[in-house]
Amino acid sequence: MKKKAMHAPEALNEAYDYKPRPSSFSRGMRIDIRGVTILLISGTASVDERGQSIHEGDIKAQTWRAFRNIKALLESEGATWHDVVRTTCYLKEMRYYPEFNEVRTQFYEQEGLDPLPASTGVQAHLCREELLVEIEAIAIFESDDKSE
Amino acid sequence: MKKKAMHAPEALNEAYDYKPRPSSFSRGMRIDIRGVTILLISGTASVDERGQSIHEGDIKAQTWRAFRNIKALLESEGATWHDVVRTTCYLKEMRYYPEFNEVRTQFYEQEGLDPLPASTGVQAHLCREELLVEIEAIAIFESDDKSE
Amino acid sequence: MKKKAMHAPEALNEAYDYKPRPSSFSRGMRIDIRGVTILLISGTASVDERGQSIHEGDIKAQTWRAFRNIKALLESEGATWHDVVRTTCYLKEMRYYPEFNEVRTQFYEQEGLDPLPASTGVQAHLCREELLVEIEAIAIFESDDKSE
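Chains as they are written, first to last, in our numbering: chain F, 1 to 148; chain V, 1 to 148; chain R, 1 to 148.
The reader is advised that the hints may include incorrect statements.
[Stated by the list, open to error] List time: in silico DMTMM-like cross-link candidates among lysine to aspartate or glutamate, alpha-carbon distance up to 20 angstroms:
(1) F/K60 <-> F/E99
(2) R/K3 <-> V/D145
(3) V/K4 <-> F/E99
Treat the hints as calculated values from the structure; they're not laboratory data.
In this text, all values refer to a predicted model and were calculated from it rather than measured experimentally.
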């Protein structure tokens with residue numbers, strides 16, 4: 001078994017680089033075990049490459065950014081959204097659901113996803129007041145399918 | 001690896017059929033990989049085959065329905081609650097926990113579960129105000145064990 | 001495939017032993033399948049071997065205890081925190097995050113973790129008012145690596 005942290009520094013900063021204190025988690029973990037690769041992507045929000053929250057007050061733009069940040073993390077391991085089998089979606093207020101879902105539908109259509117991932121969506125306040133959405137994802141594929 | 005969406009239309013509607021807008025997720029995802037089958041079941045609530053919330057205001061009846069909806073999804077892939085290894089349970093208000101847990105205990109006894117699944121339970125508002133409980137589940141088994 | 005409940009009764013009680021009513025989940029589930037071992041550890045809080053909440057009002061002490069309870073569960077299966085690939089962390093109030101994260105950083109340094117697990121952290125009220133933090137964890141390793 002091999003295990004490594006995932007990085008997409010051109011899209012979002014390393015949690016460990018937050019100032020004044022590092023936040024102790026990886027943006028994602030890649031596990032290679034017995035021919036299977038699992039990507040466990042941490043809760044991902046509308047954060048940029050410097051660790052700043054972006055698109056304050058705009059649920060649609062934050063949702064796009066969260067999906068794109070996860071896309072960058074997937075691509076860093078040679079994967080795509082087609083490999084995602086489940087997401088967990090946290091919304092700061094459930095009233096954002098229609099707009100969140102609208103963007104998700106557009107994003108998945110753009111990516112050509114079929115079948116759609118399993119998903120759970122609940123309301124939860126997030127690590128910063130200005131963040132309106134956070135998405136966690138699991139991808140799984142046979143290791144032969146992608147170059148590492 | 002094979003991957004497919006899970007369906008149990010006689011128990012609960014397809015999320016993609018919600019009107020006026022589809023909700024972009026599958027009720028569950030089946031993954032077959034290297035002799036192992038994983039069923040990732042989406043957050044499942046007391047929703048019926050037409051997508052209506054049922055048993056408004058009744059935590060016990062909603063809990064039964066959520067467990068039974070998951071049972072229908074499992075059965076659609078030849079699995080049972082014996083294959084479930086973990087649940088995540090969201091309650092709209094934590095004061096519902098005793099009644100939720102009472103039904104869970106009865107349901108698990110009825111199904112003859114031993115060992116009991118791992119579980120995490122927290123309070124969270126759900127996608128509709130009238131929904132009091134939502135349950136997510138993971139099942140895993142060797143592919144030879146069940147006919148597909 | 002083999003499946004068994006995890007126990008660490010010297011650290012935290014069995015959920016099934018709660019009075020007046022059992023809580024119907026295992027502290028964790030061990031799955032051995034095709035040479036891979038997966039440990040799914042249930043949401044774990046600052047609870048002691050008698051099932052009592054401890055360190056009321058003290059987020060740092062509660063965080064230490066939750067990490068140590070999970071450590072005890074891992075050790076019961078011959079595993080360590082090095083095998084943990086993801087956590088999900090629930091804080092009763094997000095204002096506890098800096099202190100929670102400080103303890104987490106210390107704990108992970110003490111354990112010598114590198115890479116750090118993937119993680120999602122959100123705000124959620126927990127099963128008892130006095131509990132301020134709850135942590136869920138997944139560990140994965142090749143079965144040959146550890147004696148059962």
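| task | Check each numbered hint from earlier against the structure, then list the numbers of those it violates in ascending order. | result | 3
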